[in-house]
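Take -11 as the starting number for the sequence shown in the working numbering and just add one per residue.
These aren't lab readings, by the way, just hints derived from the structure by calculation.
Positions of the beta carbon are idealized from the N, C-alpha and C atoms, including for glycine.
Just to be clear, a hint being listed does not mean it is correct.
[Claimed, not checked] If you anchor each label on the Cβ, the simulated ranges turn out as follows: (1) Lys527 - Lys409: 50 to 58 Å; (2) Glu120 - Lys65: 28 to 36 Å; (3) Glu154 - Thr99: 18 to 26 Å; (4) Glu189 - Asp237: 20 to 28 Å; (5) Ser551 - Ala449: 32 to 40 Å; (6) Lys146 - Arg388: 45 to 53 Å; (7) Glu576 - Val318: 43 to 51 Å; (8) Thr268 - Gly440: 28 to 36 Å; (9) Lys146 - Ser551: 34 to 42 Å; (10) Asp237 - Glu143: 35 to 43 Å; (11) Glu154 - Glu459: 51 to 59 Å; (12) Lys463 - Gln395: 18 to 26 Å; (13) Lys527 - Glu139: 20 to 28 Å; (14) Glu154 - Thr268: 44 to 52 Å.
[To be verified] Calculated pairs, SDA-like style, for lysine to any residue (alpha carbon to alpha carbon, straight line, at most 25 Å): (15) Lys362 - Glu580; (16) Lys454 - Lys426; (17) Lys527 - Ala392; (18) Lys316 - Arg502; (19) Lys528 - Val318; (20) Lys146 - Lys362; (21) Lys471 - Ala392; (22) Lys528 - Asn216; (23) Lys419 - Ala506; (24) Lys362 - Ala584; (25) Lys296 - Glu580; (26) Lys316 - Arg142; (27) Lys471 - Arg502; (28) Lys316 - Lys454; (29) Lys528 - Asp240; (30) Lys419 - Asn216; (31) Lys426 - Thr462.
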Amino acid sequence: MAPLHDTTPSLPGALFIASVALLLYGIPEKTITKHVDLSTLGNTEDGRPYIYRKPGHQHEYSTYELCKDDGRLEVFKADECGQQLALARFKNAVNSTGWAFLEIETNGEQTPFEQAYAAGYLEGTLTRKLIEHQLHNVLSNFCTGKEEYCEKLREFVKENQAWTQEFLTKTPTEDPYYSAIHRTYYQLQGLIDAYERRRPEVHASFEFHQIVFLNWLGEFYDLEVKFNNTRAGVDIPEKCSALVKLAPDNQDLFFAHVTMFAYNQMLRVIKLYKFGYDQTAYPGHTISFTGYPGVIASQDDFHLTSSKIAVMETTIGVYDQRKMEHTKPVGQFPCWLRSMTASLLADSANGWVEIFMRHHMGTYNNQWMIVDYKLFEPGHPLKENTFWVLETMPGFHVARDKSAELQSTTYHPSYNLPHEKEIVEYSALEKFARAFDKTRYQGIGGDYYRPGKSPRAKIFARDHHKATDFESFTKLLRSINYKNDELSRCNCDPPYSGEAAIAARGDLNDPNGRYEFAAIGHRNHGAIDFKGINYERAKKFSFRAWGAPAWDEENEVPVFEWSDFERRSPIRGPHRGHPDRFDFEHLEVEWEANLA
C-alpha cells in the first residue's frame, strides 16, 4: 500500500492497534502448552529477534509441531509428538539475509480443516514477534486523519466476512473450490488464535481482527477509489516491475518480479506451505512464495506451486470511480483469497485464470502473468498455453494465451500499466494520463502513465536483449542507473528521478528538489526485493531471492540505510524489527521439506 505510507509520519497511540485491538478483541487468553513456552519462540532471551550471521538458511531452523495429546491440541518441539497435525520450521534471518524463512507441512491423515488450522496456528506461534512489528509498521498510522474512510473499510470487510461465513454453510463440502476457500479461513483463524495466545481449537469464526486487515491491504488500493478517500488514480499503485523472458534459442524461460512498496514493508518472510490435501483435487497442494508476517497470501504476488505453475502480478489502477460500483461486499471474494485458491487448485495457466476469476470482487486489480513450466521444453518453440496474461478491472477482465507472442517478441514486461486495449479504455487511463501532459516541457509528463511509453516500458524494450542468462537477467531486474540513463530524465531539478528505473528508489530523489509530479519525487517508496525463477529452478521448487533495495556502487547508487534516509528526509516510516543497513546479497531458496 505504498501511497498510504509515503509521507505520513508515525504517530504513537496507534488508532488501529490500540483502540481497535482493545475495543474489538479484548484481552487474549493464554495458551497452555506442553514443553514449549510460546512467548519465547522466535526471540532471544531479552526479547529481540534471533540474529543469524551465517549466510544461507539450511539447518538453522527451529522446528515445532501441533499435535493431539489426550484429546487436546498442544504445541511440541519436534519429535515429541504422538498424533501430529502439522510441523513448522522457522528461522528469522532478517538481519543477515533480509528474509525470515517459514516451512509448514501438514499431515494428510488429519481432516483438511484440522490441517489448515494447524498450519495457521504454527505460523502465528513462530512468527508472533514479526507480526507485532508488522502491525506497528503498517497499521499504526493507517487511519490517522481518515477515520471515516477506515470505518467504511471495516464495515465492508465485516460484511464480506459475514456473507462468506453464511455462504460457505450452503456450499457442498466435497466441492474443491469452496472447500479451499473455507480451509483458508481456518488457516487464518489459526494464525489469529496463535497470535492472541489462545488455546488451539479447530474452528473458523470469521472474526474481524487487525490481522484480517493486513491480509486485505492490497484490496484497499481500489476501495480507496470506491469510498472516495482520494480522487481515482491519484495515488496510482506503482507496485512492482516484472519480466518474462525467453532465452536465446529457447534454451531457458526466465520469470522474475521486483516488489515496490513503502520501505516500512521490508519485514519479509519466504514461505512454503505443503498441505497434505488430496493431490488430485489440489494439484497445487504445495506453494512457495514471498510474503509478509501475518499474511497468508503473497501480496507481492509471487507464487510457485507443486503443479509447476509460476504466478506473479503488477498492480494496475482504476481511474474511473464509476467502475467501482461493480465491487460489492456480498457475492464476491477478495483478491488475496482467490489467488491462493487458484494456486491450490490449478494445474494449468488457463486453469489458474478461470479459477481466479470466480466471484471476482474487482479489488487489487492487476496484470497477472502465469507460466506453466510443465509445458516448457528447452530448445523447443513455446507450446500453446505455456504463458497466459490476465488483466482485471471491477466487473471486467481480459485474459489471453500469450505464448505465441512471447515466442515472437521473446519478452513480456510488466510495469503497473495495462497492455490490453480494452482494459486501457475501460479504466479511463488515457484521460488520467492527459492531466499530466501540461507538466511535460521535454519531461516525462503523461507518458509516465502510458503503456509502452513509460520509463520502465522503454528501459525493458531497450535492454531485454541483454538478458541472455540468469545472471544478466537478474542484473536487468535490479538495474537503477537513474543518474546516467536518458530514460530516467525528467523536467526536474535535479534532472532525473530514481522512480524512473526498473528497480526504482524514490528515497534517492532530493527532498528539496523540484519534480514534475509527486510520483517521481522524493518518497518512502521503492523496489524492496527480487525474486526469480528459470526452468531448472522451477523443477527443483527453488528460486533466487534478494531481500534489499537495489544498489550500484559503479553508478553511485548507495545501499539503503534507515539512519541515512531519516537523516536526509522529512518522511518518517515505522520500521521495527528491520536492520538499519540493507546490504544483503541474493540467495538461492532451498527447502528442508521433501518436495519429490
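Hint check results:
1. Lys527 - Lys409: 50 to 58 Å: Hint violated: Cβ distance 36 Å, outside 50 to 58 Å.
2. Glu120 - Lys65: 28 to 36 Å: About 23 Å separates the Cβ atoms of Glu120 and Lys65, which means 28 to 36 Å is violated.
3. Glu154 - Thr99: 18 to 26 Å: Roughly 22 Å apart at Cβ, these two residues keep to the hinted range, so it holds.
4. Glu189 - Asp237: 20 to 28 Å: Since Glu189 and Asp237 have Cβ atoms about 57 Å apart, the given range 20 to 28 Å is violated.
5. Ser551 - Ala449: 32 to 40 Å: Roughly 37 Å apart at Cβ, these two residues keep to the hinted range, so it holds.
6. Lys146 - Arg388: 45 to 53 Å: violated, 37 Å
7. Glu576 - Val318: 43 to 51 Å: Check passed, 45 Å falls within 43 to 51 Å.
8. Thr268 - Gly440: 28 to 36 Å: Distance hint for Thr268, Gly440 is violated at roughly 43 Å.
9. Lys146 - Ser551: 34 to 42 Å: Taking Cβ atoms as reference, Lys146 and Ser551 lie about 40 Å apart, which means the hint holds.
10. Asp237 - Glu143: 35 to 43 Å: Taking Cβ atoms as reference, Asp237 and Glu143 lie about 56 Å apart, which means the hint is violated.
11. Glu154 - Glu459: 51 to 59 Å: holds, 53 Å
12. Lys463 - Gln395: 18 to 26 Å: holds, 24 Å
13. Lys527 - Glu139: 20 to 28 Å: Taking Cβ atoms as reference, Lys527 and Glu139 lie about 49 Å apart, which means the hint is violated.
14. Glu154 - Thr268: 44 to 52 Å: violated, 29 Å
15. Lys362 - Glu580: holds, 23 Å
16. Lys454 - Lys426: Answer violated: Lys454 to Lys426 is near 35 Å, above 25 Å.
17. Lys527 - Ala392: The hint holds at about 23 Å.
18. Lys316 - Arg502: It is violated: about 40 Å lies between the C-alpha atoms, which goes past 25 Å.
19. Lys528 - Val318: Outside the cut-off at roughly 40 Å; violated.
20. Lys146 - Lys362: Violated - the C-alpha atoms of Lys362 and Lys146 are around 40 Å apart, more than 25 Å.
21. Lys471 - Ala392: violated, 37 Å
22. Lys528 - Asn216: Not satisfied, since the Cα-Cα distance of roughly 46 Å exceeds 25 Å.
23. Lys419 - Ala506: Holds. Lys419 to Ala506 sits at ~18 Å (cutoff 25 Å).
24. Lys362 - Ala584: holds, 15 Å
25. Lys296 - Glu580: Holds - the C-alpha atoms of Glu580 and Lys296 are around 19 Å apart, at most 25 Å.
26. Lys316 - Arg142: Distance of about 14 Å is within 25 Å: holds.
27. Lys471 - Arg502: holds, 15 Å
28. Lys316 - Lys454: violated, 45 Å
29. Lys528 - Asp240: holds, 15 Å
30. Lys419 - Asn216: Holds, because 18 Å separates the two Cα atoms, which is no more than 25 Å.
31. Lys426 - Thr462: Between Lys426 and Thr462 the Cα gap is close to 36 Å, so the pair fails against 25 Å, i.e. violated.
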